[in-house]
Amino acid sequence: MSTEPTDFQPIDFQSIQAAAEIDLLDPGSAVPQSFFQKARPIPATPSYFTRTPKFNDRFLTLEKLSRQYGNLPTIPPSQVERVAWQNLEDLKLSLGERVKSTDFSRCLALVKRLHTIHPKLKPAVIMEALEPFKKEVQPFLAKRSVATVDKYGRAHAAGKRKSSVALVWLVEGMGEVLINGKTLPEYFGRVHDRESAMWALHATDRLGKYNVWAKVQGGGTTGQAEALTLGIARALMIHEPALKPALRRAGCVTRDPRKVERKKAGHVKARKSPTWVKR
Amino acid sequence: MSAPLSLRCLLRPSAPVPRSITAAASTPSPWTATFSTTASAQKDGQKMGTPKKMSAKTKGSVSTHMNPTGKKQTMAKFKKNKGAKTGKPPLPGERKALRKRIQLSNNNALPVAGLVELEPKDLLDPTKVGTMVALPGEMQDSLRTLEAFKPTQFWPMFRQPATLIRSETVDLIAQMQEAASKKQMLRAVITGERITGKSLLLLQSMAYGLSKEWIVINIPEAQELTTACTEYAPVPDTEPVQYMQNNYCLKMIQAIKKANSSVLAKQATVYSHPELPQNIPINSSLLALLNAAKEPESAWVVFQAFWKELMHKDATRPPILFTLDGLQHIMKISDYRSPAFELIHSQDLALVRLFCDTLSGASPLPNGGAILAATTRGNAPRSPSMELALAQREAEQAGTEPPAHEPYFKGYDTRSEATLKSVKVMKVKGMSKLEARGLMEYWASSGILRATVDEKAVAAKWALSAGVVGEMERASLLTMRP
Chain A
1 MSTEPTDFQP IDFQSIQAAA EIDLLDPGSA VPQSFFQKAR PIPATPSYFT
51 RTPKFNDRFL TLEKLSRQYG NLPTIPPSQV ERVAWQNLED LKLSLGERVK
101 STDFSRCLAL VKRLHTIHPK LKPAVIMEAL EPFKKEVQPF LAKRSVATVD
151 KYGRAHAAGK RKSSVALVWL VEGMGEVLIN GKTLPEYFGR VHDRESAMWA
201 LHATDRLGKY NVWAKVQGGG TTGQAEALTL GIARALMIHE PALKPALRRA
251 GCVTRDPRKV ERKKAGHVKA RKSPTWVKR
Chain B
1 MSAPLSLRCL LRPSAPVPRS ITAAASTPSP WTATFSTTAS AQKDGQKMGT
51 PKKMSAKTKG SVSTHMNPTG KKQTMAKFKK NKGAKTGKPP LPGERKALRK
101 RIQLSNNNAL PVAGLVELEP KDLLDPTKVG TMVALPGEMQ DSLRTLEAFK
151 PTQFWPMFRQ PATLIRSETV DLIAQMQEAA SKKQMLRAVI TGERITGKSL
201 LLLQSMAYGL SKEWIVINIP EAQELTTACT EYAPVPDTEP VQYMQNNYCL
251 KMIQAIKKAN SSVLAKQATV YSHPELPQNI PINSSLLALL NAAKEPESAW
301 VVFQAFWKEL MHKDATRPPI LFTLDGLQHI MKISDYRSPA FELIHSQDLA
351 LVRLFCDTLS GASPLPNGGA ILAATTRGNA PRSPSMELAL AQREAEQAGT
401 EPPAHEPYFK GYDTRSEATL KSVKVMKVKG MSKLEARGLM EYWASSGILR
451 ATVDEKAVAA KWALSAGVVG EMERASLLTM RP
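One line per chain: the protein sequences are A and B, in this order. Per full-length UniProt numbering, the first sequence starts with residue 1, numbered consecutively. Per full-length UniProt numbering, the second sequence starts with residue 1, numbered consecutively.
Simulated from the structure, these hints should not be mistaken for laboratory data. Among these hints, one or two may not hold up.
Said to hold, decoys possible - Facing chain A, according to a computed beta carbon distance under 7 Å, are these residues of chain B, among others:
hint	residue
1	T127
2	A459
3	A460
4	A463
5	L464
6	A466
7	V468
8	E471
9	R474
10	A475
For every residue, glycine included, the Cβ atom is placed at its ideal position computed from N, Cα and C.
So here's chain B without its partners, still in its complex pose (with noise of 0.2 Å):
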């Protein structure tokens, strides 16, 4: 069976001219169907007596009515759908990265006209709120090395990526803008109900970072460093002993030094690293630090090196933005053990503990910057402290009653709570009904939303997914109901 995808863009509607996303905010498109052409069209060319070919199902009936063969009959559902035979399995991990893959255009999609380049001021005009931005190409690079797009956001349906602007956008990055003029670090944690869009709020903060030369470092999921899937020893010299993880980290500094290298190339170091492999002196570029790193053995030596540096105050050093996406992960025992077999928790993994203590402030960005922590509602474990912690915050900066722990509840972690002392929340909640139409006037001139967008039409499907982005794109973009 053949993509639906692949069959609309066949029967495309005859005008050709797409209409910019702007200029028609306001009036439904004039070409867009009020109503879906593709069951009548295909019974339209059946119709014409076009040569008919059998499809395979009726050659099936046909076939099994008669029996010509006598075999035993199986009902197709039977079946077991054997694919095609290579002959060879997959290869380790081929799986894996075919699942993770990401793809960011799609061909079949209509470009969007009037699709304007995503500018940093953008994200702080309060009168964008509801517009889509593209992302420009070079940035997607670098989001792409950080791992800022997640493979179940819905990039494989359109051109090219674009990014709505909300109001939480515009809260959030104002926010950021504000700290680093300040030389100040903002500490906040995302959170908020399943696909509201919490992993796109960091990734738009990553693209104002990016754009703005910060130095952007990612944690793309915090449970590849907690569910003992990476490999770890402890750092020497350490007490209570802490655990690095050289693989991951050496994956994070190619990262870093992708995404920043044009900024990294700038920065000069101010210290001397006699510990390193290799022998950097002062005054070398950040980038040329991070090169040491060629073996996992040294890499996490040498992100202690760069961090050191990052951390030396100076006018010339940008701001940093730290995000990590999955913070429940962080916030428990995790899956490794020491060697008396007892169980590690996760604020003893080196770099889970460098994050905390920034996110908790205990060692603040002396450049400014902002770190930011995402919680993530898909195969996440339950964390009561930390989901005390955010709604203690939450209740402090509504001005109200904080929540109190249980008094016979045994689950709490202390080290968690100390983390979330002070942070700052941001609650991400259902779009409001402008930005829902902005988005759906987006998926439309795509193409891939087959109806004149006006009022009622975003009433209904805001009603029907109480403006959760999600929510709303697999009750428009994954039905083919109209």
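Extracted from the complex, chain A is given alone in its bound form (with noise of 0.2 Å):
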């Protein structure tokens, strides 16, 4: 109990006067007798005694809840909407209790039975249940941002290899190449590298159908191709969805993650060992 301090007043002691001792036996009490000498008290909720109360209480209402609608009809699980749930440990944080993983699982496995609960019989108090198992941040209600042709009919991606990073701008074309302001075989000396370079237009038959220009940097002359390989199909599949498949099987989809492995301690490089000397 706290008084604002703009209404303390200075205490009358004199004044405070207890109230008078209740006497359970008394007989001219309306309660009958009998029932004071049976009665105990009884905690406001069953989980006085736990260690985990809120815990309980939740496990309590979900148990009354699903006693109460369990009969209710649930749809498919794989139309049921997608709710990350809290795991142990998010749920322990935030009731600062010590709760058992079978307690939870238990207790979890109601949660997601509540949930299949068909939507538009599902009563508002199971909503308002379920409400505090579900996570704070919930990913499945992010949208993907869905790249577009911008509108000079521009598609920009980049792509990543080895420590090489390109810059990809696509537009429909005569099949000019412009890399950081040279052309390809002016940028790459090597044959190869021009055509790993350009592996993605080529393996879908749209050599001559687009025009690059694109920023490279970062890495040696293969990382360099093979970055700009992996941000042309990207930035191809935003002009044409349906070349991902095709894309995919010439292995321009998935970025490579391999990267230099680190030197160790005791190796002359990542694994080599030293010469062996004889002592």
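Two chains, each in its own frame: build the complex with the hints.
As structure tokens, then:
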């Protein structure tokens, strides 16, 4: 109890009087005497004696709800709205209680069961009861942004390989290519690099149909050429999404995650051991 | 390992009649295979149960596996390839001769039916852009003498030398023709990226000059003049001192004589040349004048006399075509040194000076003609002055603001800039798709490009090479990948 500083008055202790003692055995009481003899205090919640009252309360609520509404029709799991439920750690943190994992899994099973009730018949109490079990951030609600061709007809995408990064703008045209302001043969001295840079267009027979304007940086020539492959493939999928399977068969969709392996202590390089020397 | 070409010729497509490139310009060739049969054919041959010869590789693997001799094994890649032992090291100059060898025909290549021989008017005809023309035999000899063919070009892959008529060709030859008809001089620098066909454009201009009976003079590699690899001596009575290169001059005179003999035989001298070692009376032929150069000692004097004769204004004198490849090399200080051990400027070398004076317009050709210099991108020194001057001329031609000197850069060469003050710059770029198609059809007809030449194939090769001729050759002819 706190009083506002503005309401503060000096307390007159003389005027305070305790209430009269309740005499349970007073024969004049309206309540029958036998009641008081048998009565014992009942806690407000059945979880009063547990170490996890909040969790227990929720669990009991869910159990009660499932007894009450368990017969309501459900929808198939594939049609249920996807929800990211809290995991044990999240729940422990949010409640500040030690929850056993077995209890938690039983509880979550109830949650999931109640969640499958047909949304049109699902009572508001269930929704309310399930709400605290949801994660704060719901990744399934996030919509993936779909890249589109801009008003000048350009598709923009980025590709990476090793430590090279390529930013690619692809536009319908006659097959001209400019990489960092240079033409393809000027930029890549090796024919192989040129071929791999243009592989996405070559594999889909689009070589003379798009113009490429790209910025590449980092890494060596091979990395840059293959970063371009990925960038061009991604930009091409913006123009023609139906080409994705063909590009995947050509190996242009997945980013190659391989990088230089780090050097290890006691080794000359990542794996190479020092030459054996006799003493 | 044998050359891939000979294998290919064994597995030539079966239909014997090669099609004409003119007739089949629009339709894909009926006999060119859409895929290479080489690998499968080899595989079939092995399956047929022909007595298999154990290849060198398999032999080696068997023996090393069993190691019958017990000798120390060496991995094949570390073995030194000693080659055939002839006992004698190659003679001086033999290696270079092999390196610089020009092979102009290849019997493994198919003859291309419908390939017409070059006519001078073809080089002027814009409707002929994108077609190949063969160089006539006599012209081949002249061009070879003038060293117009380069060892890096793709001549050894074809049955006979042929060249593609490009829009740049038509443009250049038309300007040459116009200048000659007005008795004027075309002064131009041909520049462009690596392997775009600058030297070949010079070759085409020489071919035109030879067929039109011009006097054609060529300096095939300017670096031969300035990298101090040929003898030099001061020209007497010159101030500031100029240097003559007699050996080089003698070689050049012999080339001029051989390539232009018929024209020179018709032209007569008009001056007496008392300084020559041999008396050449007035009204003898220019060929006789050039024949006076028998020793290197007299070469420069003879060349000067020859040049003086050419400079004589006369309606009967033919126009002159003077070409040089590798302009950067003469736009800088040379590697030669004066008696005081100071470096000599390239333009103090008498022959280079003569070329530069003509190129700059200081000493015009009275009977008209053309003086062409091509830059080079292979083994070329940087010449900031030349680059700047060419960029300036290009900007002036395009009507834009010419670039200025960098204020804090000291490497400019004023003499080079003065030389290029008023030349015309012709930039050779990548081919158009039409030209690329003409070239690819020629390759297919010659049997070295084993793919159907259609719009798709042309677009693919064109995109990979940006239309640069040499890059298209590298991407199409030097790779076994389809």
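Structure-based check of all given hints:
1. Because the closest C-beta pair between T127 (chain B) and chain A is about 23 Å apart, greater than 7 Å, the hint is violated.
2. About 3 Å separates the beta-carbon of A459 (chain B) from the nearest beta-carbon of chain A, less than 7 Å, and the hint is met.
3. The interface hint given for A460 (chain B) holds, since its Cβ lies 4 Å from the closest Cβ of chain A, which is under the 7 Å cut-off.
4. Against a cut-off of 7 Å between C-beta atoms, the interface hint on A463 (chain B) holds, since the closest Cβ of chain A lies about 4 Å away.
5. With a least beta-carbon distance of about 5 Å to chain A, the hint placing L464 (chain B) at the interface is held under the 7 Å criterion.
6. Proximity of A466 (chain B) to chain A holds as hinted, the smallest CB-CB distance being about 4 Å (cut-off 7 Å).
7. Below 7 Å, beta-carbon pairs count as interface contacts, and V468 (chain B) has one with chain A at about 5 Å; its hint therefore holds.
8. For E471 (chain B), the suggested interface contact is upheld, since its CB lies about 4 Å from the closest CB of chain A, less than 7 Å.
9. Because the beta carbon of R474 (chain B) sits about 6 Å from the nearest beta carbon in chain A, less than 7 Å, this interface hint is met.
10. Look at A475 (chain B): its Cβ gets to within about 5 Å of chain A, closer than 7 Å, so that hint holds up.
Checked against the numbered hints above, the structure breaks only hint 1 and satisfies the rest.
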